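Participant: Protein chains in written order, with this note's numbering: chain Z, 1 to 491; chain Y, 1 to 310.
Simulated from the structure, these hints should not be mistaken for lab results.
Just so you know, these numbers come straight off a predicted model, no measurement behind them.
Even glycine gets a Cβ: it sits at the ideal position worked out from N, Cα and C.
Hints are not guaranteed to be accurate.
Claimed, not checked - Partial list, derived from the structure: chain Y residues whose beta carbon lies under 10 Å from chain Z:
1) Val94
2) Gly141
3) Ser145
4) Met147
5) Phe223
6) Ser245
7) Phe308
As the list claims (entries may be wrong) - Covered by chain Y, per the in silico footprint, the following chain Z stretches (three or more residues, Cβ under 8 Å):
8) 272-279
9) 351-362
Chain by chain, the residues run as shown.
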Amino acid sequence: MATTSQPAERAAPDPFSLYEVQSAYDEMFRGPGRPRSHYRALYSRLLSLRPDELRRSKQEADLSFFNQGITFAVYGRSEGTERIFPHDLLPRIISSAEWGTIERGLTQRITALNLFLKDVYHERRILHDGIIPGEIIYTCRHFRRQMRGVKIPRDVYVSVCGTDLIRLPDGKFVVLEDNLRVPSGVSYMLTSRKVMKQIFPLLFRKCGVRPIEHYSQALLSALRSLAPEGRSSPTIVLLTPGVYNSAYFEHTYLARQMGIELVEGRDLVVHDNYVYMRTTYGLQRIDVIYRRVDDDFLDPLAFRPDSGLGAAGLFNAYRAGNVVLANALGNGVADDKAIYAYVPAIIRYYLGEDPILDNVETLLMIDDVQRRHVCDNLDKFVLKAVGESGGYGMLIGPHSTSEQRARFRERILADPRNYIAQPTLTLSTAPCFIDDEHIEPRHVDLRPYVLYGDKVTIVPGGLTRVALRKGSLVVNSSQGGGSKDTWVLQS
Amino acid sequence: MLSRVADSLYWMSRYFERADHCARVLDANYSLMLNPFKSSRELRWQRIVASLGVSAEIDGTDPQTGAMRLIGEARLLSSIVGCVTSARENASQVREQISSEMWERLNQLYHEMIQPQQHNGDSDPLRLINVFREGTYRFQGVTDSTMNHGEGWHFIQVGKYIERACGLSALLDAQFAALAGTDDLDWVALLTSCSAFEAYCKVYTADLKPSAVAEFLLLNPDFPYTVRYAVEQMHGALRVLAGISSARKTSTIERLIGKLQSWLAYTQIDEIMMRDLHPFLAGIIEQCHRLHAAMHEVYIEYPIESVFEA
Numbered sequence: 001m002a003t004t005s006q007p008a009e010r011a012a013p014d015p016f017s018l019y020e021v022q023s024a025y026d027e028m029f030r031g032p033g034r035p036r037s038h039y040r041a042l043y044s045r046l047l048s049l050r051p052d053e054l055r056r057s058k059q060e061a062d063l064s065f066f067n068q069g070i071t072f073a074v075y076g077r078s079e080g081t082e083r084i085f086p087h088d089l090l091p092r093i094i095s096s097a098e099w100g101t102i103e104r105g106l107t108q109r110i111t112a113l114n115l116f117l118k119d120v121y122h123e124r125r126i127l128h129d130g131i132i133p134g135e136i137i138y139t140c141r142h143f144r145r146q147m148r149g150v151k152i153p154r155d156v157y158v159s160v161c162g163t164d165l166i167r168l169p170d171g172k173f174v175v176l177e178d179n180l181r182v183p184s185g186v187s188y189m190l191t192s193r194k195v196m197k198q199i200f201p202l203l204f205r206k207c208g209v210r211p212i213e214h215y216s217q218a219l220l221s222a223l224r225s226l227a228p229e230g231r232s233s234p235t236i237v238l239l240t241p242g243v244y245n246s247a248y249f250e251h252t253y254l255a256r257q258m259g260i261e262l263v264e265g266r267d268l269v270v271h272d273n274y275v276y277m278r279t280t281y282g283l284q285r286i287d288v289i290y291r292r293v294d295d296d297f298l299d300p301l302a303f304r305p306d307s308g309l310g311a312a313g314l315f316n317a318y319r320a321g322n323v324v325l326a327n328a329l330g331n332g333v334a335d336d337k338a339i340y341a342y343v344p345a346i347i348r349y350y351l352g353e354d355p356i357l358d359n360v361e362t363l364l365m366i367d368d369v370q371r372r373h374v375c376d377n378l379d380k381f382v383l384k385a386v387g388e389s390g391g392y393g394m395l396i397g398p399h400s401t402s403e404q405r406a407r408f409r410e411r412i413l414a415d416p417r418n419y420i421a422q423p424t425l426t427l428s429t430a431p432c433f434i435d436d437e438h439i440e441p442r443h444v445d446l447r448p449y450v451l452y453g454d455k456v457t458i459v460p461g462g463l464t465r466v467a468l469r470k471g472s473l474v475v476n477s478s479q480g481g482g483s484k485d486t487w488v489l490q491s
Numbered sequence: 001m002l003s004r005v006a007d008s009l010y011w012m013s014r015y016f017e018r019a020d021h022c023a024r025v026l027d028a029n030y031s032l033m034l035n036p037f038k039s040s041r042e043l044r045w046q047r048i049v050a051s052l053g054v055s056a057e058i059d060g061t062d063p064q065t066g067a068m069r070l071i072g073e074a075r076l077l078s079s080i081v082g083c084v085t086s087a088r089e090n091a092s093q094v095r096e097q098i099s100s101e102m103w104e105r106l107n108q109l110y111h112e113m114i115q116p117q118q119h120n121g122d123s124d125p126l127r128l129i130n131v132f133r134e135g136t137y138r139f140q141g142v143t144d145s146t147m148n149h150g151e152g153w154h155f156i157q158v159g160k161y162i163e164r165a166c167g168l169s170a171l172l173d174a175q176f177a178a179l180a181g182t183d184d185l186d187w188v189a190l191l192t193s194c195s196a197f198e199a200y201c202k203v204y205t206a207d208l209k210p211s212a213v214a215e216f217l218l219l220n221p222d223f224p225y226t227v228r229y230a231v232e233q234m235h236g237a238l239r240v241l242a243g244i245s246s247a248r249k250t251s252t253i254e255r256l257i258g259k260l261q262s263w264l265a266y267t268q269i270d271e272i273m274m275r276d277l278h279p280f281l282a283g284i285i286e287q288c289h290r291l292h293a294a295m296h297e298v299y300i301e302y303p304i305e306s307v308f309e310a
């Protein structure tokens with residue numbers, strides 16, 4: 001606290017002195033020194049802070065993350081395999097009107113994708129009507145033939161979805177990818193909010209930030225709504241691959257927040273198509289499994305026989321309707337990067353509406369004309385393998401060498417179904433506190449979490465991932481990305 | 001509670017107690033081994049090694065090297081560091097079940113113990129033992145004051161005291177097996193290994209008689225580091241567990257612990273000494289092993305058929 005006897009405080013050096021608004025859409029500034037209206041409160045707060053105050057806040061936040069044990073495991077190191085999740089001090093702010101569009105767009109999208117999954121595994125009308133070529137469905141690695149004709153409670157395939165949005169230079173949010181299998185990261189959204197409330201309590205009140213703390217309750221009630229008929233107080237568990245999984249912290253966090261048991265495959269017993277967990281007082285029947293284990297590993301009898309992460313017989317119990325899995329099996333067919341290109345058509349087909357959130361323009365390498373065009377201009381595109389995530393299996397054309405391009409071209413020609421191309425996109429930028437010194441723009445995306453039980457719930461916020469390396473466009477935590485708290489403002 | 005969770009808590013606690021036991025024994029004997037008589041030094045060392053059940057791993061090394069290995073060699077599963085590592089591994093499997101304070105203490109202790117050891121000379125073993133023992137008291141303090149004293153905590157109690165009963169019996173056995181070469185210092189070391197020297201003196205004065213030492217460490221019901229006390233604690237915890245899991249058939253466990261408890265409650269030291277201590281001690285260890293197996297069968301790895309037949 002400065003006392004009045006000291007000389008008047010010198011004007012703090014402008015923390016934005018190094019801030020350059022470039023061709024990307026900037027979340028905070030419409031021009032140099034001109035913040036957007038929903039960022040004004042943050043802007044004036046930052047101008048009033050001395051650099052050491054920001055630094056202290058940053059240290060305080062770091063310590064809080066560390067003490068809460070908010071870490072992720074790093075594969076391939078035997079000792080000290082836990083690291084703090086890198087995060088940035090400054091919140092990313094979304095206005096109420098922008099959020100309204102996102103909310104409507106995501107609701108529309110998850111509704112259509114659910115109908116699509118039901119159709120693909122039952123009547124296949126969309127194939128018969130020629131909207132999507134059957135070949136692209138049946139060649140999808142995540143299409144599960146075993147799911148054909150399996151009845152799913154409430155026809156809810158996607159209970160939890162994490163959709164990655166980016167903002168293009170014209171300011172429009174578009175969908176980069178859907179994660180309909182086992183999306184992760186929500187614990188970082190929840191814990192970083194808790195930390196930020198300790199750091200910027202006054203700013204929170206001043207801005208009118210909408211709360212997200214009810215996520216765990218909403219998830220629990222979505223899971224409960226799926227319980228088999230006649231089970232009035234269903235037993236719900238979270239199935240984790242175990243302590244060596246990179247998201248283990250999140251699994252323990254969510255289980256604790258929801259007050260449900262955290263189980264591993266070895267705790268489960270399947271008998272007569274019922275699933276039980278082994279407890280000290282005997283076997284207890286399980287009704288709903290929020291599973292954070294991939295399809296392939298859930299049941300060695302139905303899928304990969306070498307998996308020890310699931311339970312033998314689980315799939316049959318599921319098919320018999322005695323246990324519910326959330327998310328459903330076989331969802332990967334709807335978030336395949338090639339099928340992604342058809343999502344606008346899927347929305348029009350099932351809902352008769354135009355998509356509220358657009359897709360990124362996507363070229364399919366399975367298409368002869370598009371493939372030829374892309375292969376001749378590899379340096380202008382971003383190439384992605386359809387089944388990969390986490391920033392793996394990619395070629396970023398403009399930043400590649402001619403050898404890399406030649407090698408990638410061969411891979412495309414060998415297996416065209418496995419690749420798609422997208423134009424190089426400029427993600428929007430948001431202010432970040434860099435090197436404990438300056439505020440600089442860095443590229444960000446946004447992953448809101450959509451819950452679907454008896455209704456669609458989207459807590460106002462999400463995980464803003466940020467590419468902390470200057471100029472980088474890769475936001476994945478496995479590739480040097482971090483996170484930011486995301487504030488959605490009240491209207 | 002999930003069986004796997006109960007098992008992890010039980011083993012976390014057992015490994016921790018095992019490390020603690022090893023630390024007490026080394027602490028009490030290390031300074032004695034600095035005395036000049038080489039023959040008694042070798043004898044004493046062999047006795048320690050035998051009582052800790054590590055003859056195969058440690059045999060043939062000189063006491064100084066052996067002590068260092070027993071404290072700090074991570075590859076040696078019975079070493080203090082080895083046991084702390086195992087305890088931590090078990091704890092990490094059930095992080096959402098133990099209090100965050102417990103995890104922090106255990107983690108902190110683990111990192112202090114595995115720090116690359118600088119060889120500053122002879123005081124090294126004692127310094128590390130002190131680091132460990134401070135950490136132990138902190139860990140046990142937060143366990144008792146920050147964890148819900150429910151089912152999980154009772155599994156922790158059982159693990160701790162079954163390990164203590166076995167460790168103490170083995171220690172007494174080794175000491176009495178080599179009765180011929182012992183002097184007063186050995187009895188002091190034995191009592192100090194159990195942090196029991198002062199408590200013993202309050203009951204029997206500083207008059208160190210083997211039968212009185214045996215009586216105290218075996219049959220005293222009030223001091224925490226005696227076999228009788230450990231068994232009484234196990235008895236209490238197992239009774240609570242049987243009440244919580246009333247659906248399980250716990251009669252075998254009740255019979256085993258009841259028998260063990262009554263041996264210690266109703267046998268007098270003269271009778272035991274008359275028939276020789278060894279069979280009595282071996283009987284206790286054997287009974288603990290049976291108890292462990294019975295618990296495993298009832299709470300952890302029960303055959304599925306048994307559940308569906310009922």
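Participant: Hint by hint, note whether the structure agrees.
Facilitator: Here is how each hint holds up against the structure:
{"no.": "1", "hint": "Val94", "verdict": "holds (9 Å)"}
{"no.": "2", "hint": "Gly141", "verdict": "violated (19 Å)"}
{"no.": "3", "hint": "Ser145", "verdict": "violated (19 Å)"}
{"no.": "4", "hint": "Met147", "verdict": "violated (14 Å)"}
{"no.": "5", "hint": "Phe223", "verdict": "violated (31 Å)"}
{"no.": "6", "hint": "Ser245", "verdict": "holds (4 Å)"}
{"no.": "7", "hint": "Phe308", "verdict": "holds (7 Å)"}
{"no.": "8", "hint": "272-279", "verdict": "holds (count 3)"}
{"no.": "9", "hint": "351-362", "verdict": "violated (count 0)"}
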